[in-house]
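Number of protein chains: 2
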Amino acid sequence: MSIKIGIYGYGNLGRGVELAVAQNPDMTAVGVFTRRAPDSVKTLTGIPVFAANDAPNMLGKIDVMIICGGSATDLPQQTPALARYFNVVDSFDTHANIPTHVASVEAVAKQAKTTALVSAGWDPGMFSIARLYADAILPEGKDYTFWGKGVSQGHSDAIRRIEGVEDARQYTIPVAEALNAVRSGCSPQLTTAQKHERECFVVAKEGADLARIEREIKTMPNYFADYHTTVHFISKAEMQEKHSGLPHGGAVIRNGVTGMEKQNKHVVEFSLKLGSNPEFTASVLVACARATYRLNEKGEYGCKTMLDVPPAYLSIKPREELIATLL
Amino acid sequence: MSIKIGIYGYGNLGRGVELAVAQNPDMTAVGVFTRRAPDSVKTLTGIPVFAANDAPNMLGKIDVMIICGGSATDLPQQTPALARYFNVVDSFDTHANIPTHVASVEAVAKQAKTTALVSAGWDPGMFSIARLYADAILPEGKDYTFWGKGVSQGHSDAIRRIEGVEDARQYTIPVAEALNAVRSGCSPQLTTAQKHERECFVVAKEGADLARIEREIKTMPNYFADYHTTVHFISKAEMQEKHSGLPHGGAVIRNGVTGMEKQNKHVVEFSLKLGSNPEFTASVLVACARATYRLNEKGEYGCKTMLDVPPAYLSIKPREELIATLL
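Sequence order for the protein chains is A and B. Quick note on my numbering: the first sequence kicks off at 363 and runs consecutively. Quick note on my numbering: the second sequence kicks off at 363 and runs consecutively.
In case anyone wonders, no lab produced these hints; they're calculated from the structure. Any given hint could be a false lead.
In this list, chains with the same sequence are indistinguishable; a pair is considered to hold if it fits within one copy or across any two.
[Claimed, not checked] Straight-line alpha carbon distances no greater than 27 Å define the calculated DSSO-like cross-link-like pairs of lysine-lysine that follow:
#, residue 1, residue 2
1, K404, K624
2, K679, K504
3, K475, K366
4, K624, K604
5, K472, K366
Use the sequences and the hints to build the structure in full.
Right, here's the structure in full:
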């Protein structure tokens, strides 16, 4: 008996979900739901395409709907709306608004007896879990999150808005000295700007003033001004060839102490190096869809997060096999 | 309302539990239970000492008993025996026998309506959880576990049994090239011996044949013969000064692939650098005691492992705070 997955939204994340479902033999992708004209969308693996508005008609044909919209405007509306009909998973990642999102989805899902798992992915998601375990085990300590090396869409977009810029890609990179200090367990005080540097690759329009573009980038408040920032001007061909991927990653590290005199230092680290940010996030969402299906079968209705899910629920393997082989 | 913790067994691990409970304001250590004469045992923080045989008389006065015995002979007997009376946590770590241990504890705990969380710690424990998450998220991939740098008690004991050896300490150390190859995501084939080397510090008895001792160590089957092993002869004073701690650690790494052509590589790593192996393990057991208490309150009786526990159950912080601050 296969878990029937619907994919709501078909950008990078939706395509990643389609591919991840194909890697999990206990699941079937029923189809993609899009706001575009369904005829205009070709799926990677040939699964059917439906109009987003037709989703409610698929009641009973989908076990879990994975919602692949954006956090700014899509998910706050889509997740509660779809939780009326389906078990759902989303990757809502506007950290400050997660409590509000959880509350709005909880009300709908409890009422509809569906299960919603929101804010899944790697941050929020796997990084949140890593923070929680380390914090629970070592109550006296200090947490650090480093992001990168990876492409930041927001920072890339900010550069693209500068006059004379044709295309841009910005990599967030952890500062090696800061990372090493934290890994050594010595609990330094570090701001976000002290932990990260920013490397920018820019394709300028013909005749543009490169010095002005570089100055505008490096002095841009919030985005770059506080950071050590480097700017490289490259050709359109080089951008295409070397910077078309979407790698990302990072590390969550806790420095903690134990002992009679707090004399014993411990360093707990969870780190990711991701060849494709959207495909890894999609892979997390798909494992979460399995957990969501199981929670719903057990009568656990309402809005959950990855912090609420027993790890074993994410795995295709039976509990006995997990105990015998992974424990 | 404080969670009342009993500590059954008072070696390095039991002392670590006593100190860890003191770091968690929602818990109280009720006392230590020992097979030695209670009068002969002084606790680090002054908590009372009881005879192990008196434990059943403490029914109702202890919410969770943390059992700090050894895996070879203590825990297979103690954990089922105590689960008749108490919610219990143990660190049973003989990997091959975990399924049997789980089954024997399950029978007692289900019947007694207690909750037992067994095989907690870091391996088994946090490393098992790391393997499970990475395996569930990236079903196509390869797992690696590196241990160290850390003291192996078993290997240290093996050296101490050689004629002419007064004391010995053996460090298991990951081979740097192997670790780097795995971290780069290139999924090498590696045996345990290719992943680890062994460094031995030996205090020889006066007049002992050092060359023979070194030869006997390096050729010892299973323990050393397959490994790159180095032997240093040192003084008793140096042993005392530089090698009296019990550091350990290691890393669980998964190399996985996603994408239409499996072209995107991902590296997921969970690593530990522990100043004190027993104190860190104890800190895990204490967080697990909180989870065990909560599981029991929810009517989840029987034998659990860390793979079955929602991460949020381990934390002192309310769920709303976890969602607002860690997610």
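Is it within, between, both or neither when you check K475 against K366 at 27 Å Cα-Cα? within (18 Å within a copy, 36 Å between copies)
Please sort K624 with K604 into within, between, both or neither, judging by C-alpha distance up to 27 Å. Close across copies (19 Å), not inside one copy (48 Å); limit 27 Å.
Given a CA cutoff of 27 Å, do K404 and K624 count as a within-copy pair, a between-copy pair, both, or neither? Classified as between; 20 Å across copies, 59 Å inside a copy.
If the cutoff is 27 Å on CA atoms, where do K472 and K366 land: within, between, both or neither? Let me know, please. Within. Shortest intra-copy distance 21 Å satisfies the 27 Å Cα cut-off; inter-copy 34 Å does not.
Up to 27 Å CA-CA - K504 versus K679, copy category: The answer is between: 16 Å across copies meets 27 Å, while 35 Å in one copy does not.
Checked against the numbered hints above, the structure violates none of them.
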